[in-house]
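Protein chains: 2
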Amino acid sequence: MKGTSDDYNRIHKVIQADKSLMSDGCKALILQDFAEKFNEYFDVMGLPRLELSQKNGVYTVQVTFEAERIKKFNVLK
Amino acid sequence: MKGTSDDYNRIHKVIQADKSLMSDGCKALILQDFAEKFNEYFDVMGLPRLELSQKNGVYTVQVTFEAERIKKFNVLK
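Line order of the protein sequences matches chains A and B. Under the working numbering, the first residue of the first sequence is numbered 1, with each subsequent residue one higher. Under the working numbering, the first residue of the second sequence is numbered 1, with each subsequent residue one higher.
To be clear, the hints were calculated from the coordinates, so they are not data collected in a lab. Each hint can be trusted.
Below, computed lysine-lysine pairings styled on DSS-like, alpha-carbon distance capped at 25 angstroms:
(1) B/Lys71 to A/Lys37
(2) A/Lys55 to B/Lys71
(3) B/Lys55 to B/Lys27
(4) B/Lys55 to A/Lys71
Whole structure, please, built from the sequences with the hints as guidance.
Have a look at this one:
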């Protein structure tokens with residue numbers, strides 16, 4: 001019985017990874033790069049989070065992060 | 001009566017701009033820069049949107065955008 005459950009879990013994991021729009025490795029890589037860019041304007045706390053969904057062939061990407069501070073800068077007028 | 005309403009609108013606008021965490025000019029500048037970074041990984045459609053809120057001294061930043069395509073890349077294993 002244990003063997004069947006293990007098989008199920010393994011197959012379930014493979015299917016989930018196959019269905020996901022982006023692998024965890026790619027996501028982590030992107031987020032590290034995004035965090036560097038965000039840090040130019042904010043004092044970012046921790047790593048940003050990324051949510052990716054797809055509808056009618058259009059991806060919606062939502063990146064969220066916390067920051068301690070907005071870095072001071074100004075726009076030339 | 002019209003004068004009072006104009007004054008009210010002007011003051012309301014000044015107060016809103018004063019209360020906002022970031023000016024529209026700064027927001028537009030940041031978003032343009034973020035969009036360039038996002039374009040390294042996605043085919044971004046339009047400009048990203050930025051929502052900024054503050055609670056207990058911590059800023060929460062949420063950046064959302066639509067993309068036509070996730071650019072192909074792989075992580076070395």
